[in-house]
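**Q** Sequence:
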Amino acid sequence: MGFFGGNKMPVEGKTILITGASEGLGLSAAQQLSSKGANIVLVSRSTEKLQAALPLVKAAAKDPSTQRFHHIAADVSAPSYAVSLLAEVKAWNGGKAPDIVWCVAGTSTPDLFVDMDMASLRHQMDVNFYGTAEMSHAILREWLAPDAPVEQEAKHLIMTASVLALYTIPGYAPYSPSKWAMRGLADTISQEVMMYPQNVKVHVVFPGTILSPGYAREILTTPEITTILEAGDPQQTPDEVAAAAIKGLERGEYFITVAFLGSLMKWGVMGGSFRNNWVVDTVMSWVVSLIWIFVQPDLHGKIRKYGKTHGHPSMTKQQRAA
Numbered sequence: 153m154g155f156f157g158g159n160k161m162p163v164e165g166k167t168i169l170i171t172g173a174s175e176g177l178g179l180s181a182a183q184q185l186s187s188k189g190a191n192i193v194l195v196s197r198s199t200e201k202l203q204a205a206l207p208l209v210k211a212a213a214k215d216p217s218t219q220r221f222h223h224i225a226a227d228v229s230a231p232s233y234a235v236s237l238l239a240e241v242k243a244w245n246g247g248k249a250p251d252i253v254w255c256v257a258g259t260s261t262p263d264l265f266v267d268m269d270m271a272s273l274r275h276q277m278d279v280n281f282y283g284t285a286e287m288s289h290a291i292l293r294e295w296l297a298p299d300a301p302v303e304q305e306a307k308h309l310i311m312t313a314s315v316l317a318l319y320t321i322p323g324y325a326p327y328s329p330s331k332w333a334m335r336g337l338a339d340t341i342s343q344e345v346m347m348y349p350q351n352v353k354v355h356v357v358f359p360g361t362i363l364s365p366g367y368a369r370e371i372l373t374t375p376e377i378t379t380i381l382e383a384g385d386p387q388q389t390p391d392e393v394a395a396a397a398i399k400g401l402e403r404g405e406y407f408i409t410v411a412f413l414g415s416l417m418k419w420g421v422m423g424g425s426f427r428n429n430w431v432v433d434t435v436m437s438w439v440v441s442l443i444w445i446f447v448q449p450d451l452h453g454k455i456r457k458y459g460k461t462h463g464h465p466s467m468t469k470q471q472r473a474a
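Numbers in the working numbering are just positions in the sequence shown, counted from 1, shifted up by 152.
Hints listed in this document are in silico derivations from the structure and should not be mistaken for laboratory results.
Just to be clear, a hint being listed does not mean it is correct.
Below 30 Å or equal to it, Euclidean Cα-Cα: the simulated DSBU-like pairs (lysine-lysine) are [to be verified]:
{"id": "1", "residue 1": "K353", "residue 2": "K166"}
{"id": "2", "residue 1": "K201", "residue 2": "K188"}
{"id": "3", "residue 1": "K460", "residue 2": "K353"}
{"id": "4", "residue 1": "K160", "residue 2": "K210"}
With the hints as extra help, turn the sequences into a complete structure.
**A** Structure representation (structure tokens):
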């Protein structure tokens with residue numbers, strides 16, 4: 153991948169299911185894919201938010217007279233939610249499964265590992281990892297069934313991870329494991345789909361800070377040390393992230409980063425994952441190995457300085473709460 157031109161993910165006339173589509177990145181992706189001619193199924197927990205989002209997606213349509221739009225309320229953290237959800241989508245879509253599935257739904261409640269409740273880690277794993285894993289399992293059973301059609305154009309499964317699945321920092325102990333697990337799942341099934349006659353592609357998007365409603369909720373619990381370490385990170389709007397992600401999908405990339413910092417983090421940890429471009433990814437992995445010589449001591453120095461300056465982290469949290 154990466155050497156040949158052309159759009160590797162044309163969407164005009166295709167049906168796309170997007171979870172977490174009522175706000176933030178999911179809504180922006182739905183609008184931009186609608187503007188390219190796709191039929192869109194929005195999925196979110198809140199019927200009220202979906203009803204507000206649907207007109208925005210319709211208004212972006214390339215051809216309102218032919219495109220179709222639908223919304224379904226569903227909780228992605230519920231076990232086996234995806235099977236019944238896909239059945240409803242197929243009934244609406246003339247008995248056909250969606251052509252593209254983009255799992256965007258996610259949640260983040262930062263905290264230090266010692267201070268967090270285990271219930272928080274389990275909830276974020278349920279939403280972020282299992283929500284994506286359930287949908288991936290259900291849609292691949294549709295696309296890769298023995299009697300599923302073998303078509304030239306690929307089906308696309310898109311997972312939304314985070315740059316924190318490439319390198320994490322203090323404060324994201326309840327969150328990062330779910331995204332690292334997602335990356336491991338993607339690496340596995342991206343190889344497994346190669347055994348089947350059907351043409352299925354797997355992609356992983358790695359956004360950083362998205363200035364979304366979810367981020368506004370996230371910063372309510374973000375530890376101070378996390379804020380200090382993230383101070384220089386790029387911040388992007390949902391529209392910017394969606395546009396960059398869609399460009400990567402159209403290029404046929406497997407690991408898709410949406411800012412240069414994310415690309416640096418990707419090049420540093422690719423291991424045996426598929427490459428977007430063997431030459432660029434290999435050379436930059438060498439370069440990033442040298443960059444880490446300077447970056448890691450700086451990050452670790454800030455962490456140790458914070459501990460010495462502010463004392464015991466749990467006591468600092470209790471003082472802020474008081």
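**Q** A separate judgement is required for each hint: does it hold in the structure or not?
**A** Comparing the hints with the structure gives:
Of the supplied pair hints, the one linking K353 and K166 holds, its CA atoms being roughly 15 Å apart against a limit of 30 Å. Restraint check: the Cα-Cα separation between K201 and K188 comes to about 23 Å, which is no more than 30 Å; the hinted pair holds. Our distance criterion of 30 Å between C-alpha atoms is broken by K460 and K353, whose separation comes to about 48 Å. Taking the CA atoms of K160 and K210, the gap is near 24 Å; set against the 30 Å cutoff, the hint holds.
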